[in-house]
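Student: So you can see what is in the structure, the chains are spelled out below.
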Amino acid sequence: MIEIQNISKHFGNLIAVNDVTFMVNRGEIVGFLGPNGAGKTTTMRMITGFFPADKGKVLIDGIDISENPLEAKRRIGYLPENAPLYEDMTVTEYLNFIGEARQIPNLKSRIQGTISMVGLEKVSKRMIWELSKGFHQRVGLAQAILGDPDFLILDEPTTGLDPNQILEIRDVIKKLGETKTIILSTHILQEAEALASKIIIIDNAKIVAQDSKENIKNLFQVTNTIKIIYKNNDNFEKDLKGIANITNIKQIEEIKGAKTIIVYANDDIREKIFNKAVETKTTLLGLTRELASLEDIFAKVTRKEVDNEK
Amino acid sequence: MKNNTAIFKREFTSFFNSTIAYIFITVFLILSYFFFFKSFFINGFLSMRSFFDMTPWILLFFIPSVTMKIWAEEKRSKTNEILFTLPVSDWNIIMGKFWGAYLFVILTILLTINIPITLLFLGKIDLGPIVGGYLGLFFLAGVYISIGMFTSSITSNQIIAYILGAAIGFIFYVISQQFVIFTASAFFTKLFTTLGLSYHYSSISRGVMDIYDIVYFIGFTAIFLFLNYIVVKKRI
Numbered sequence: 001m002i003e004i005q006n007i008s009k010h011f012g013n014l015i016a017v018n019d020v021t022f023m024v025n026r027g028e029i030v031g032f033l034g035p036n037g038a039g040k041t042t043t044m045r046m047i048t049g050f051f052p053a054d055k056g057k058v059l060i061d062g063i064d065i066s067e068n069p070l071e072a073k074r075r076i077g078y079l080p081e082n083a084p085l086y087e088d089m090t091v092t093e094y095l096n097f098i099g100e101a102r103q104i105p106n107l108k109s110r111i112q113g114t115i116s117m118v119g120l121e122k123v124s125k126r127m128i129w130e131l132s133k134g135f136h137q138r139v140g141l142a143q144a145i146l147g148d149p150d151f152l153i154l155d156e157p158t159t160g161l162d163p164n165q166i167l168e169i170r171d172v173i174k175k176l177g178e179t180k181t182i183i184l185s186t187h188i189l190q191e192a193e194a195l196a197s198k199i200i201i202i203d204n205a206k207i208v209a210q211d212s213k214e215n216i217k218n219l220f221q222v223t224n225t226i227k228i229i230y231k232n233n234d235n236f237e238k239d240l241k242g243i244a245n246i247t248n249i250k251q252i253e254e255i256k257g258a259k260t261i262i263v264y265a266n267d268d269i270r271e272k273i274f275n276k277a278v279e280t281k282t283t284l285l286g287l288t289r290e291l292a293s294l295e296d297i298f299a300k301v302t303r304k305e306v307d308n309e310k
Numbered sequence: 001m002k003n004n005t006a007i008f009k010r011e012f013t014s015f016f017n018s019t020i021a022y023i024f025i026t027v028f029l030i031l032s033y034f035f036f037f038k039s040f041f042i043n044g045f046l047s048m049r050s051f052f053d054m055t056p057w058i059l060l061f062f063i064p065s066v067t068m069k070i071w072a073e074e075k076r077s078k079t080n081e082i083l084f085t086l087p088v089s090d091w092n093i094i095m096g097k098f099w100g101a102y103l104f105v106i107l108t109i110l111l112t113i114n115i116p117i118t119l120l121f122l123g124k125i126d127l128g129p130i131v132g133g134y135l136g137l138f139f140l141a142g143v144y145i146s147i148g149m150f151t152s153s154i155t156s157n158q159i160i161a162y163i164l165g166a167a168i169g170f171i172f173y174v175i176s177q178q179f180v181i182f183t184a185s186a187f188f189t190k191l192f193t194t195l196g197l198s199y200h201y202s203s204i205s206r207g208v209m210d211i212y213d214i215v216y217f218i219g220f221t222a223i224f225l226f227l228n229y230i231v232v233k234k235r236i
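Top to bottom, those sequences are chains F and C. Residue numbering for the first sequence follows my numbering, beginning at 1 and increasing consecutively. Residue numbering for the second sequence follows my numbering, beginning at 1 and increasing consecutively.
Worth flagging that the hints you see were computed from the coordinates, not collected in a lab. Do not rely on the hints blindly, as some may be mistaken.
Ranges between beta-carbon positions, derived for each pair [unchecked claim]: (1) Phe226(C) with Ser116(F): 40 to 50 Å; (2) Phe179(C) with Glu67(F): 32 to 42 Å; (3) Ile159(C) with Asn204(F): 29 to 39 Å; (4) Gly37(F) with Ile159(C): 28 to 38 Å; (5) Ser89(C) with Asn204(F): 28 to 38 Å; (6) Asp64(F) with Ile115(C): 50 to 60 Å; (7) Phe37(C) with Ser109(F): 49 to 59 Å; (8) Ile117(C) with Asp162(F): 52 to 62 Å; (9) Ser109(F) with Ile106(C): 50 to 60 Å; (10) Arg206(C) with Asp54(F): 49 to 59 Å; (11) Gln251(F) with Ile159(C): 55 to 65 Å; (12) Ile115(C) with His10(F): 55 to 65 Å.
None of the values given here were measured: they were computed from a predicted structure. Note that beta-carbon positions come from the ideal geometry of N, C-alpha and C, so glycine has one too.
Please work from the sequences and hints to get the whole structure.
Tutor: Shown next as structure tokens:
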């Protein structure tokens, strides 16, 4: 279990992390979500013992990382953002260095196992600087999991990768999540959704929401902005105005007779729109509720906090 | 827990992974042999005096090029994030890097060992100053490395680390030399000869083993390693 108790960190006048508290239970994958500069990396650096918190405590399995750093660090594998590695070594040499520094027993077989787990067999003898971004990131993951730590801290593990590589790395993380406790940071909503069981949202150095994925997801989906694509009815917009819940309609584009419009409403009126389309013999090509953007969520959760304080 | 030598091994081998080691060794050997043979045939007697007079200057400008990368490069490439989250203490990392660089420099200096061996075959020589001279160079190298590591720790720019390292080493080397002391008052003469590297170096390289000089060199190295520790602990 990782317990973060009221940690703060400032650099000069800048408050990077302000009184952050959360808990990660064994077996959870926690998505640490927030825009760039929100304080994700600083928080992770305190959890991994890179630098101490100005205030507050970090407990890894009950071990205070500032009191017993070596014991705590032994339990953590850390992949920093962009996987900074010693580029002048081969993959195997590098993992050997990490293994010796971590004093991992049966190192040779451990390295072999890790290499095949993250799919590095083909490049294990290559210099790290020669590797593509995707393989580079895998070596970063490999060094993090080499000592078979119980906790993995992954800072933006998919940033800078192409879509195929993102899926591959996500698969590896999912596989790791079966046996390990993982905190991973991201600024992409879908990523947290795809991997995490619990989501913590941080903005402006503070935690603004933390909940199970399902509850957070509701926050994402309660927009009632609906995108409609239709054809064969020039008056459909007028027809829609008969639905009471609609507050505004915006035209987006028209391609080969298919019109796209956005409908703003105060309720989920997809069914009403569908019925209206049937009624007016309109051909519906698309009818989707727009997902809230991260900005919408931040606006929403911060507004909620203000409401609660009142 | 057994001794953790991973950082030391990584540091030592990293010199050979880049071209800098080979350039360093080649230039060092060319210069030191040049200064030795330049006066060897003129003087016509078996002494390494000119070698031991000049090599501290060569080291003064070469060791910062070995140490400049030690922290600056870790910071620039952010590899220190993994380094400092390994279950290894800050002191272990600092000493690992120190001994890695130290072993490299000592081996480079020892590549000149064929000079005294040649002298042995040529005739009777006084071994005291030669053994003392090498020991003096080793102690001096330790000081330069600890200074260079310190200046590398306060910047992520290797050039700045080099210039500062060479400058600090230069100041501490020259303050006890004749042309500085010549103009100083009695108090400063005392202070400068106590602090100055060249004073203690020349005393050892004359073949006089004084415990006072040895304590001076080890203490000097330790002070800069401690400054290094203070900076590294701050993670700036």
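Student: Against each hint, give a clear statement of whether it holds in the structure.
Tutor: Okay, the hints, checked on the actual structure:
no.	hint	result
1	Phe226(C) with Ser116(F): 40 to 50 Å	holds (45 Å)
2	Phe179(C) with Glu67(F): 32 to 42 Å	violated (54 Å)
3	Ile159(C) with Asn204(F): 29 to 39 Å	holds (37 Å)
4	Gly37(F) with Ile159(C): 28 to 38 Å	holds (30 Å)
5	Ser89(C) with Asn204(F): 28 to 38 Å	holds (35 Å)
6	Asp64(F) with Ile115(C): 50 to 60 Å	holds (56 Å)
7	Phe37(C) with Ser109(F): 49 to 59 Å	holds (54 Å)
8	Ile117(C) with Asp162(F): 52 to 62 Å	holds (60 Å)
9	Ser109(F) with Ile106(C): 50 to 60 Å	violated (36 Å)
10	Arg206(C) with Asp54(F): 49 to 59 Å	holds (53 Å)
11	Gln251(F) with Ile159(C): 55 to 65 Å	holds (59 Å)
12	Ile115(C) with His10(F): 55 to 65 Å	holds (57 Å)
Violated hints, in rising order: 2, 9; the structure is consistent with all others.
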